[in-house]
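Asks: The primary structure of each chain is shown beneath.
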Amino acid sequence: MNRFAALIDALLFMPSRNGKIRLLTDYFATTPDPERGWALAAITGDLSFSAAKPAAVRALVMERVDPALFGWSYDFVGDLAETVALIWPERPGTNRPPPPLSEVVDELDRAKRAEVPRLIEGWLDALDGTGRWALLKLITGGLRIGVSARLAKTALAEWGAANGAGCDVDAIEELWHGLKPPYTELFAWLSGAADRPTVSDTGGFRPLMLAHPLEEEDIRALDPTSYRAEWKWDGIRVQVVARTLGESRLYSRTGDEIGRAFPDIVGRLSFDAVLDGELLVGVPGDGGMHEVRPFNDLQQRLNRKQVTAKMAKDFPAFVRLYDILFDGAEDLRGLSFDARRARLEDWHARVRPAGMDLSPMVPFATWEELADIRAGTRENAIEGLMLKRGDSPYTAGRPKGPWFKWKRGPLTVDCVLMYAQRGHGKRSSYYSDYTFGAWTAEPAAGGELVPVGKAYFGFTDEELAQIDRWVRNHTTNRFGPVREVSPGLVFEVAFDSVHRSTRHKSGVAMRFPRISRIRWDKPAHEADLLATIERMVVA
Amino acid sequence: MTATPPKPESWVQPCPIDRDGGLWVEPGGFHVDPVRPVPRAVITHGHSDHARPGHAHVLATPGTLAIMRARLGDQAGAALQPQPYGAAIRVGEVTVTFVPAGHVLGSAQVVLEWRGSRVVVSGDYKRRPDPTCAAFEPVPCDAFITEATFGLPVFRHPPAEAEIAKLLHSRDLFPDRCHVVGVYALGKCQRVIALLRQAGYDRPIWLHGALIPICELYREHGVDLGELRPATGAAKEEMRGEIVLSTPSAIQDKWSRRLPDPVVAYASGWMRVKQRAKQRGVELPLIISDHADWDELTQTLLDVGAPEVWVTHGREEALVHWAQGRGYAARPLHLVGFEDEDV
Chain A
30 MNRFAALIDA LLFMPSRNGK IRLLTDYFAT TPDPERGWAL AAITGDLSFS
80 AAKPAAVRAL VMERVDPALF GWSYDFVGDL AETVALIWPE RPGTNRPPPP
130 LSEVVDELDR AKRAEVPRLI EGWLDALDGT GRWALLKLIT GGLRIGVSAR
180 LAKTALAEWG AANGAGCDVD AIEELWHGLK PPYTELFAWL SGAADRPTVS
230 DTGGFRPLML AHPLEEEDIR ALDPTSYRAE WKWDGIRVQV VARTLGESRL
280 YSRTGDEIGR AFPDIVGRLS FDAVLDGELL VGVPGDGGMH EVRPFNDLQQ
330 RLNRKQVTAK MAKDFPAFVR LYDILFDGAE DLRGLSFDAR RARLEDWHAR
380 VRPAGMDLSP MVPFATWEEL ADIRAGTREN AIEGLMLKRG DSPYTAGRPK
430 GPWFKWKRGP LTVDCVLMYA QRGHGKRSSY YSDYTFGAWT AEPAAGGELV
480 PVGKAYFGFT DEELAQIDRW VRNHTTNRFG PVREVSPGLV FEVAFDSVHR
530 STRHKSGVAM RFPRISRIRW DKPAHEADLL ATIERMVVA
Chain B
66 MTATPPKPES WVQPCPIDRD GGLWVEPGGF HVDPVRPVPR AVITHGHSDH
116 ARPGHAHVLA TPGTLAIMRA RLGDQAGAAL QPQPYGAAIR VGEVTVTFVP
166 AGHVLGSAQV VLEWRGSRVV VSGDYKRRPD PTCAAFEPVP CDAFITEATF
216 GLPVFRHPPA EAEIAKLLHS RDLFPDRCHV VGVYALGKCQ RVIALLRQAG
266 YDRPIWLHGA LIPICELYRE HGVDLGELRP ATGAAKEEMR GEIVLSTPSA
316 IQDKWSRRLP DPVVAYASGW MRVKQRAKQR GVELPLIISD HADWDELTQT
366 LLDVGAPEVW VTHGREEALV HWAQGRGYAA RPLHLVGFED EDV
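Chain order of the listed sequences is A and B. Heads up: the first sequence is residues 30 to 568, going by our numbering. Heads up: the second sequence is residues 66 to 408, going by our numbering.
It is worth saying that the hints were derived from the structure and are not from the lab. Treat each hint with caution, since some may be false.
What the hints assert, rightly or not - Calculated cross-link-like contacts (lysine to any residue; reagent style SDA-like; alpha-carbon spacing at most 20 Å):
no., chain 1, residue 1, chain 2, residue 2
1, B, LYS301, A, SER457
2, A, LYS455, B, GLU302
3, B, LYS343, B, PRO223
Said to hold, decoys possible - Simulated restraints, written as ranges between beta carbons of each label pair:
no., chain 1, residue 1, chain 2, residue 2, range
4, A, GLU119, B, ALA394, 50 to 56 Å
5, A, GLY48, B, GLN146, 52 to 58 Å
6, B, GLN78, A, TRP549, 56 to 62 Å
7, B, LEU238, A, ALA85, 33 to 39 Å
8, B, GLU303, A, ARG498, 25 to 31 Å
9, B, ARG155, A, ARG507, 55 to 61 Å
10, B, ARG268, A, TRP549, 44 to 50 Å
11, B, GLU281, A, THR489, 41 to 47 Å
12, A, THR561, B, LEU233, 57 to 63 Å
13, A, GLU491, B, LEU233, 50 to 56 Å
14, B, GLN78, A, ALA143, 55 to 61 Å
15, A, ARG507, B, ARG268, 21 to 27 Å
Stated by the list, open to error - Calculated from the model, a selection of chain B residues having no Cβ within reach of chain A, i.e. all distances over 12 Å:
no., residue
16, ILE82
17, LEU137
18, PRO149
19, ALA200
20, GLY216
21, VAL219
22, ILE277
23, HIS386
Owing to the predicted nature of the structure, the values given are computational and were not obtained by experimental measurement. Just so it is clear, CB atoms sit at the ideal spot from N, CA and C, and this is done for glycine as well.
Given these sequences and hints, build the entire structure.
Replies: The following block contains the structure:
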């Protein structure tokens, strides 16, 4: 437990991604099984203890600490695990050695519910402050140390590659859901001591095939007859893994399981296939195609652990299909796109899956014609076009050439810098996150600035230094890491689309805002009006 | 025949800001740590929220007066009267004695005596050994006025030596990076240097310019800090692998860009709360404080044994609650003008 505690403590304070990977690979290299596997499961969120609840921990601490003192402390610290870890009165003379992580996992797994509080109490007495914090984070769920499951797997892959295991992160993703903590056979493979494990569970995630952005000038080098076009929908990319025997799952593009938030989709998967598509919100319309609602509606459904019936009714989710990877047990990924598309259309006509439709192909003869089609679409749910080579197999990762995404040209407006916030890590001495606003009316007619968005990229390091200097010289107010500035610096802000939003004072929310140009030359009062942005909202 | 001594609150009173703040000692005709300029001030220690400019007459320890002169110049006070620890002096009808508080150089508890009643104003204090200042001495009294900066049981500072060992270990791990440690200019800076020297670290220690004058002053008062060098103006490459001390506000600001790939550390009692350290962008939190932690605060109330406990600046409610639970007549003072910083 002490080693695990030291690891997550170091990860919490490590600002750089590479530094986090180094901490993880060092830990994997120097910690034995099964300890390292349980730690990995804790970090990736694959470990949970149903019998250990925050309420039980709170009850334990109340036996030893004055409730009023605990209350004030909790208010100050703001996190239950940390408050208990800090306030826990150590008993002098407690001579128990701190438990290894594997002992904690084993005993919690075996214990009856009523025995759990005494177990936790014994461990809290045996551990130091950081150890108590790690234990409580572990058993109450959610480490929140700034390490995603994906990053942990990336570190695993790097460690494996350094040991000559010949793996990459996609190979680990593909195995992941077929493996169980403490992942002994995975570590055996990655340490170079054994072959790649074989996985029988077919509910696993298959890493997605991704596209490169298409530059306007690249397109002339491509032969239009080799490529197929389809819409790029503005939802979230998902993989549907449906099994008639066994569990069906819905994965995000990074392999996180999101099915629990979408019972309206997972509950209707009564077939055997692995599909690639876009998760959207909308209701069935004419001809079986759904009418897509704006991304904002989908956002209501994201990042929720539970979904109410009302949620599912007000914001019904569906999947728009792009591709088929498995039909039953048959792996179609080696087939060409054209062959897979034919299989997908056949499959769809045969199975008629509820809550799904087919993303239509966009026929074209020349790039000019396709460019016109792309420019002509005003539908908000469309981000642009996808170009896929007709002969391309389904390959994990982002190979250059077979697939391109050709996004719609961005919209731009001129906005005024209102607030600047300090960045993180290497940017921590710079004001690098900008909140910008538009005028509610002409400033001469009494208009005021109202924030319309926030962006932290789109400029060079040199421009960052210039903006930083400007912010420091034009500060009118300070709120912790945030500075308010006088209206005087205009950014040309680019964004993909803009939506109505009740959560923002301005009533609008931008998708992917970024700084496209710094208009040092432009006076603030000539920046755009809020009404201009409102006109860009497509219902 | 002995008269009943006067009740403490009848002659020592907390002042709102429109009565100049701090504590008003009626029969002595002076304030302790007032916020606004007053005719007569008694000052516990040199931190800027206690030692403010513009008083006509100031009574303080020689160390505190030296700090006030260094920081405030002509504004330190029209007449400065030094009084060493342990010596009693009459001010009006009140006898005033300074007793070490263990907080920073020159820091004192103010022992006030009038007609058989004794009130002790702790100022800021800590109970742990500090090589740069005299150690706290408990004084039995009728009313003890205590600070409560870390007045919650989640604050238990680990031994400062262990925190310094963390810093030195990190330096071994990252020999090509510089370690920049945020420290308050008065007290924390010199204590961290002295602790590094105690741990056997004998390389030059580099300083932000704002830290240099008080380090010089400590040296003049006989505190050995070893070789110190200004970081401002030094070549970037020269500071690889070195330890640099800086004011907390500069560790992540423009000033720090001169440092080679710095590990950002911060020496403060607040670093005990991980999420606070994280929010501040600190990579290496060092829990080193010049204030008493929860155990020191409660132990001090037991040691002093005053039936009345007045609690000021910090998390008053928790310490008041604890003291009341043990039979003390405790109350919060709600003094204004003191900062919630670990200074």
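Asks: Which numbered hints are broken by the structure, listed smallest first?
Replies: 4, 9, 13, 15, 20, 21, 23
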